[in-house]
Every structure is written in C-alpha cells, then in structure tokens.
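Q: This is what each chain is made of:
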Amino acid sequence: GAGVSQSPSNKVTEKGKDVELRCDPISGHTALYWYRQSLGQGLEFLIYFQGNSAPDKSGLPSDRFSAERTGGSVSTLTIQRTQQEDSAVYLCASSLSAEHHTDTQYFGPGTRLTVL
Amino acid sequence: GEDVEQSLFLSVREGDSSVINCTYTDSSSTYLYWYKQEPGAGLQLLTYIFSNMDMKQDQRLTVLLNKKDKHLSLRIADTQTGDSAIYFCAEGESSYKLIFGSGTRLLVRP
Numbered sequence: 001g002a003g004v005s006q007s008p009s010n011k012v013t014e015k016g017k018d019v020e021l022r023c024d025p026i027s028g029h030t031a032l033y034w035y036r037q038s039l040g041q042g043l044e045f046l047i048y049f050q051g052n053s054a055p056d057k058s059g060l061p062s063d064r065f066s067a068e069r070t071g072g073s074v075s076t077l078t079i080q081r082t083q084q085e086d087s088a089v090y091l092c093a094s095s096l097s098a099e100h101h102t103d104t105q106y107f108g109p110g111t112r113l114t115v116l
Numbered sequence: 117g118e119d120v121e122q123s124l125f126l127s128v129r130e131g132d133s134s135v136i137n138c139t140y141t142d143s144s145s146t147y148l149y150w151y152k153q154e155p156g157a158g159l160q161l162l163t164y165i166f167s168n169m170d171m172k173q174d175q176r177l178t179v180l181l182n183k184k185d186k187h188l189s190l191r192i193a194d195t196q197t198g199d200s201a202i203y204f205c206a207e208g209e210s211s212y213k214l215i216f217g218s219g220t221r222l223l224v225r226p
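Chain order of the listed sequences is G and F.
First residue of the first sequence? That's 1 in my numbering, and the numbers climb one at a time after it.
First residue of the second sequence? That's 117 in my numbering, and the numbers climb one at a time after it.
No wet-lab data here; the hints were simulated from the structure.
Each hint should be verified, as a subset may be incorrect.
Below, computed lysine-lysine pairings styled on DSSO-like, alpha-carbon distance capped at 27 Å [stated by the list, open to error]:
hint, chain 1, residue 1, chain 2, residue 2
1, G, K57, F, K184
2, F, K172, G, K57
3, F, K186, F, K152
4, F, K213, F, K186
5, G, K11, F, K152
All chains, please: the whole structure from these sequences, using the hints.
A: Now the structure itself:
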C-alpha cells in the first residue's frame with residue numbers, strides 16, 4: 001500500500017473488555033513496530049517484529065498486552081482486560097528492515113484508544 | 117535508563133527562524149532523529165544525523181549536534197504556518213529501537 005494503515009482510527013471500550021488493534025505495514029517491509037503515545041508523553045516502544053517473530057517484546061507494559069504478526073505482513077496488538085491507564089494512541093510503524101539505523105521507520109496515523 | 121528531553125512549547129512569528137532543542141543521555145546513540153507530527157497524522161521523519169557529525173543541513177532544516185553536551189537542535193529557517201506541528205527528537209538505542217522525547221509543540225503565528 002501507499003503507507004502504513006491502522007484500524008480502527010478510534011476505539012472506545014469499557015474497562016475490563018478486550019480490544020484488538022490492527023496494523024497494515026507498507027508492502028515489502030519486513031520490520032514492524034508498535035509504540036504507545038500517552039497524553040503529553042513521547043512515544044513508548046512496545047514491541048518489534050522482524051518477519052513473524054518478535055525479537056524484542058521488552059516494552060510491553062504487562063502480560064495483558066500481546067501482539068502477533070502473520071504472513072510477515074499484518075500485525076494485531078491485543079490488550080486484554082483493558083484498564084483506564086491503557087488509554088492512549090497506539091502507533092504502528094514499518095521499515096524495510098531493522099538491520100541499519102538508516103532503515104527509516106514509517107508511521108501510521110495511530111489508533112486512539114479510550115477506556116471508560 | 118535512556119532519556120530524551122525537550123521543551124514543551126515554542127511560539128514564533130511567520131518568517132522567523134525556529135530552534136527546537138533536545139537533550140539525551142545515551143552517549144552510545146549512533147543516530148539521532150527529528151520527527152514531525154501534524155494533527156491527526158502519523159509521525160513523519162524529517163531528518164537524522166549520524167553521531168560523528170556535528171551539523172547537517174537539508175533545505176530549510178539545520179540539525180546541530182553537540183555530542184559532548186548530548187545536545188541536539190533543529191533549526192527551521194523562514195518558518196511557515198504549515199510548520200506548526202509537534203516535533204519529536206529521538207535517539208537510536210539500536211537499529212530498531214528509538215527512544216523519543218515528549219515532543220515540542222511549535223506554533224507559528226501569522
């Protein structure tokens with residue numbers, strides 16, 4: 001596709017419910033990243049995929065957060081039993097690879113999650 | 117741990133230069149980046165600088181790096197209203213992991 005796309009663009013859920021956020025990376029990009037942007041904060045690294053495997057999950061805040069990537073393309077970030085502190089904008093990015101610092105990360109528009 | 121800090125807000129008049137500052141803590145960072153976020157849009161990479169450089173110029177953008185003081189700045193010449201956005205500084209902890217500052221909101225007044 002022309003760029004990284006994410007869906008939904010907005011999600012409002014009730015505390016305790018599970019949510020799934022989707023990311024479609026740029027075609028041909030092998031690396032995919034999830035970040036979280038809380039109000040007034042910078043981006044917080046969550047997880048990184050190279051192909052279908054996730055070499056670095058160190059940023060996932062708790063075991064309620066998980067992510068998968070299938071077919072080396074689409075990724076889903078799942079948050080179980082959502083809490084109000086999970087409210088944030090979840091950003092996805094992709095890059096051609098992750099071998100070099102010059103592999104530019106291209107960001108999607110984000111999913112704004114609000115937990116009531 | 118690694119930390120990147122930026123001032124929260126900058127207001128300039130159209131046509132003036134803008135200077136956005138950033139400090140970072142990880143002296144081993146190889147690359148440092150500037151991203152721009154417009155309302156409702158994802159982050160867009162503006163420019164990056166390799167840590168063995170002290171300056172990089174790209175059209176209206178000039179990046180200055182003081183590695184000794186771990187200080188990075190982004191200068192925008194002839195600032196336009198379309199430059200109004202949030203600017204994020206980031207350091208490359210590794211080839212894939214970026215540590216971002218909290219962003220500087222630039223407001224350009226007509």
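Q: Each hint needs a verdict: does it hold in this structure or not?
A: The hints, checked one at a time:
1. G:K57 / F:K184: This hinted pair is violated, its Cα atoms lying about 32 Å apart.
2. F:K172 / G:K57: Status violated; Cα separation ~33 Å.
3. F:K186 / F:K152: 21 Å, holds
4. F:K213 / F:K186: Holds, at roughly 19 Å.
5. G:K11 / F:K152: 24 Å, holds
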